[in-house]
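Enquirer: So the sequence lines, in the order shown, correspond to chains A and B. If you're matching positions, the first sequence starts at 1 in my numbering and goes up one per residue. If you're matching positions, the second sequence starts at 1001 in my numbering and goes up one per residue.
Be aware that a few hints might be false.
[As the list claims (entries may be wrong)] What follows is a set of in silico ranges between Cβ atoms, one per label pair, in the way DEER data are often shown:
{"no.": "1", "chain 1": "A", "residue 1": "A20", "chain 2": "B", "residue 2": "P1096", "range": "27 to 33 angstroms"}
{"no.": "2", "chain 1": "A", "residue 1": "A29", "chain 2": "B", "residue 2": "S1027", "range": "27 to 33 angstroms"}
{"no.": "3", "chain 1": "A", "residue 1": "A20", "chain 2": "B", "residue 2": "H1010", "range": "34 to 40 angstroms"}
By construction, these hints were calculated from the structure, which means they are not laboratory data. None of these values were measured; they are calculated from a predicted model. C-beta atoms are modelled at their ideal positions from N, C-alpha and C, and glycine is treated no differently.
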Amino acid sequence: RKEVEQDPGPFNVPEGATVAFNCTYSNSASQSFFWYRQDCRKEPKLLMSVYSSGNEDGRFTAQLNRASQYISLLIRDSKLSDSATYLCVVTGNQFYFGTGTSLTVIP
Amino acid sequence: EPEVTQTPSHQVTQMGQEVILRCVPISNHLYFYWYRQILGQKVEFLVSFYNNEISEKSEIFDDQFSVERPDGSNFTLKIRSTKLEDSAMYFCASAPTGLAPGELFFGEGSRLTVL
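The whole structure should be built from the sequences, with the hints applied where relevant.
Expert: Listed below in structure tokens is the structure:
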């Protein structure tokens, strides 16, 4: 069973749209949760940590549901520059990465 | 802003050759990692390193791989006898703390092409 599972997409959305990504994890003892962003052929970069109470950073909102072992990322008012792969990351014995969800924002 | 640096950015090698990938983590970080990403696939954990020893390694990190922190600043990944399937982007990462609530800072990666 994979530690972290994500819908790979691709998601193709128009500018200004709202898009949501989901991620599930298998280890109920996982302690920390993150969303990373990876541009094509570049290194992953931290987008935001995910806290139990949910957290928001501008147009980005992350939610954690420990009971369902589920993490989400909501992007509002999508911009062209949001086009990237979004990686769900969960810690267990080390950092486990999901396969990533590809987003393309279309003009 | 402090950053993780990696060299070389791209290396082409013949199958069976040894390769050393180098990383300079952020100076006050204590935890170091190597990940790899085969083109079009997920980021895969190879190894973590803390207090001058391996703390965790994956099934991928077999006997052909080794890591070293030879001089307190560099963190190297050696692949002893490269195979075609070792072709990938290799990312070094460092973190100031461990898994919780740690954040990984990645270098730009070293692309390895094995012919």
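Enquirer: Does each hint fit the structure? Answer for all of them.
Expert: Do the hints match the structure? See the list:
1. A:A20 <-> B:P1096: 27 to 33 angstroms: 31 angstroms, holds
2. A:A29 <-> B:S1027: 27 to 33 angstroms: 32 angstroms, holds
3. A:A20 <-> B:H1010: 34 to 40 angstroms: 36 angstroms, holds
In this structure, none of the earlier numbered hints is contradicted; all agree with it.
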